[in-house]
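Peer 1: The lines below spell out each chain.
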Amino acid sequence: MSPTTATLDTAAQASLGTPVPRLEARDKVTGTARYAAEQNPPRRAYGWPVPATIAHGRVTAVDTTAALALPGVLAVLTPYDAPRLGPSDDPTLQLLQDTRVPHRGWYVALAVADTLEGARAAAEAVRVGYEAEPHDVTLREGHPGLYTPEEVNGGYPAHREHGDPDAAFAAAPVRVDVRYSVPPLHNHAMEPHAATADWDAGRGHLTVYDSCQGTTVVRTVLAGLFRLPEDRVTVLAEHVGGGFGSKSTPRPHVVLAVMATRRCGRPVTVALPRQHLAACVGHRAPTLHRVRLGARPDGTLTSLTHEVLTHTSRVREFVEQAAVPGRVMYAVRDSRTTHRVAALDVPTPSWMRAPGETPGMYALESAMDELADALGMDPVELRVRNDPATEPDSGRPFSSRHLVECLREGATRFGWTGHRPPLREGPLLIGSGVAAATYPVYIAPAGARAHARPDGSYLVEVNATDIGTGARTVLSQIAADALGVPLDAVTLSLGNSALPPTPVAGGSAGTASWGWAVHDACTALTDRLARHHGPLPDAGLSASADTTQSAKQKPPYARHAFGAHFAEVQADTVTGEVRVRRLLGVFAAGRILNPRTARSQFIGGMVMGLGMALTEHSGLDPAFGDFAERDLAAYHVPVNADVPAVEAHWIDEHDKHLNPMGGKGIGEIGIVGAAAAIGNAVSRATGRRLRELPLTPDRVLAALSVPDTGPV
Amino acid sequence: MAHATDPPAPGPAHGTPDHAAAGDHRSRVSLRVNGARRDLDLDHRVTLLDALREHLDLTGSKKGCDHGQCGACTVLVDGRRANSCLLLAVTLDGCGITTVEGLAAPDGALHPLQRAFVEHDAFQCGYCTPGQLCSAVGALREAAAGHPSHVTADAAQAGPAVLTAEEIRERLSGNLCRCGAYPAIVRAVADAGTDPAATGTAVEAAV
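Line by line, the protein sequences are chains B and A.
Here the first sequence is numbered in numbering that gives the first Met the number 0, starting from 0 and rising by one per residue.
Here the second sequence is numbered in numbering that gives the first Met the number 0, starting from 0 and rising by one per residue.
In case anyone wonders, no lab produced these hints; they're calculated from the structure.
Where is the CB? At the ideal position from N, CA and C, for every residue including glycine.
It is possible that part of the hints are untrue.
[Unchecked claim] Some, not all, of what chain A presents toward chain B, calculated at C-beta under 10 Å:
#1 Leu85
#2 Asp120
#3 Pro129
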């Protein structure tokens, strides 16, 4: 282990570990924090995209006559005349380059006008002719298009097998063989995707304010698409209204905004209408799961098989890695974890908070609960019984693993009493459930700079993006501690692609990746200052860091965060409505660097998991080929009244094999397992096992109409 | 909602596009925004939200859905909360509008709800926050005025509603927060709700 991976000494200044309020809090509560569409350069125009209204086929004509005749319309870009783009790795960004329509909602034109209302009217006035071909948007078992990909999201092998899981399953005295279904889900960050692009032809410079999770990658992609040197492109993202994975890489809005500013010679804002998002910014792909668990009567697992079917688009392969958690969670010698995918005429799926783990752990942790039922065993004890000494798939030791401690602590705090019978209060059936959580530790190289000014203040520059995580705050804390100065001596500059390259806010890796660079730059500056004698020069002193070497080192450890969720629910036998009464999570995620913002992250993930369990559903209409639930009236994210007492706790975890700060990343683990805990509680309450999310009243009522046939 | 009957006052047109010409469907509108009179010449299609954001550069009010489904655009119209994306600005001539920019005092002192939101970390990305705050001001006023909600046990009972956590959740369910800050929002509103000043706003106090 290199010296830089030693955990920071907490004794000195100790800003880390304290609940510092978000540094931008005042800007956010006074409305002065500006987001991408709120930049207002002179002569700004507005773009409004036109989505395809067929699910498969091609555009045969675009009639712009009526649109161009409207007052204030500057241009209508079509596949026939839009700027030709350079190459990109992501084919979803090759917009208006040809006439094919790979899915409904694919953009086929962009109207630009000098007002928002004019752009919208112009988009509606564009007449598009199509030649439609038959489409197929329905994922199902036995679909002839299913294939095993080479790898799944995250770079994992699609298929892993150890021993002989089929024989071990057949020989197991206690068996569970169950299927679960998770529908497509949508990120729906509160700020719709938006960009304000400004091409300065005189300077030959492109400036873009983008609602994104990282400006470095947006700059690189735009430079490639528009054939500009990277130093002629600046991408800014000071404030971003959430992303949850849907803004991790550039999405169509920013490409269209740049096309429009280049065409019109004016700054152009493209702010996507909420109804467009489902089809063009990525979604969590639906997953169909079959889980087979075999166990001895004492609960020892002898066989685990998790098979996942999912869809991708015909534009780009993205495979939700939902079987991967089975390679991490439980000690079992004979196992198979495998994925198959079908390319359909659907929008391209992408990352949504904890891709893979979220649907995968719903299925695996529901199946574990069913196994506990079959064994007549406390589901907490079943998980404890099968806690592995090393990572099952790789055999590597864990850098730290405190799942058992999370389960024990959660059980105590929640008042878990094991296999207790359901309660009844009038028409309400009440029960509790438990599920585990896991999320891997990722890290990527980053750069940062630190400057000491003669007046005793410090400027730290790192191209982090604070999408609401609290990154600005915790990175400032890291800097202050590494410099050995009070927090208010540090100013942090972020959200600017002109700063050294960094990875995106994703994979729960932001704080680790950016923070390591900040730590190293500030440590180097501290060393420089220690060697400096006399007053600082007027320009101050600077130091920079690049963690390419250190962050890419592959440690000989399996590194994951773990957690446990406990839920108490009530199911109404009259209406079928399920409501969560209590939700409690305990997490082991390394060192918690800011308890205030960390708690909000954990709870936020748990609330999104509650939505996944009870309300969030999207479906592809077989006849028209589009998502039926495209807005916030149809796609039900949890509202305040849906969310009861939610508690998040954590246990102290000292892991020296992570990064200088000692944190594992906390942005995603809160959602993982939450839906399983709620589903398991519903099963306990009702005596019926529902295996298709979300647990809406229609499904619950239908289940309750079937007589209870014994223990669940 | 009260509408002034005074004729529109003359004033400089704001945000008039290049093509403004006879035959367009436009009107002059006078709003009192955060205590200041603002005279606008607006396309009839302009919503109050877009008038604020695009014509007055008051971008604190957010566009989350533009269809009255998320509450991010919530402002106070003549003292009552409303989704500004569902109101055409041309219909509001003479109305008083309070946005998030009008909650704090002119000296910068935060409104009790703003303070509580900071203290309780009642937001993450901040995009729903202006709407949550304006909605909370309206909700506190409604409760003080004795308006019952869906969860009020005795809707016939006179007098101010007691703002339990359940009441706050219900009354703020028109404001979505995808970051899931609801538990902190409830604590913040409960905390600020004990301050009599929380039902007021600085700009309304000044006029």
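Peer 1: Does Pro129(A) pass the interface check with chain B, least Cβ-Cβ distance below 10 Å?
Peer 2: Because about 5 Å separates Pro129(A) from the closest Cβ in chain B, which is inside the 10 Å limit, the hint holds.
Peer 1: Could you check if Leu85(A) really has its C-beta closer than 10 Å to a C-beta on chain B?
Peer 2: Where the cut-off is 10 Å and the nearest Cβ of chain B is about 13 Å from Leu85(A), the hint is violated.
Peer 1: Against chain B, is Asp120(A) within 10 Å by beta-carbon distance?
Peer 2: With a closest approach of 5 Å, the Asp120(A) hint holds.
Checked against the numbered hints given earlier, this structure breaks only hint 1.
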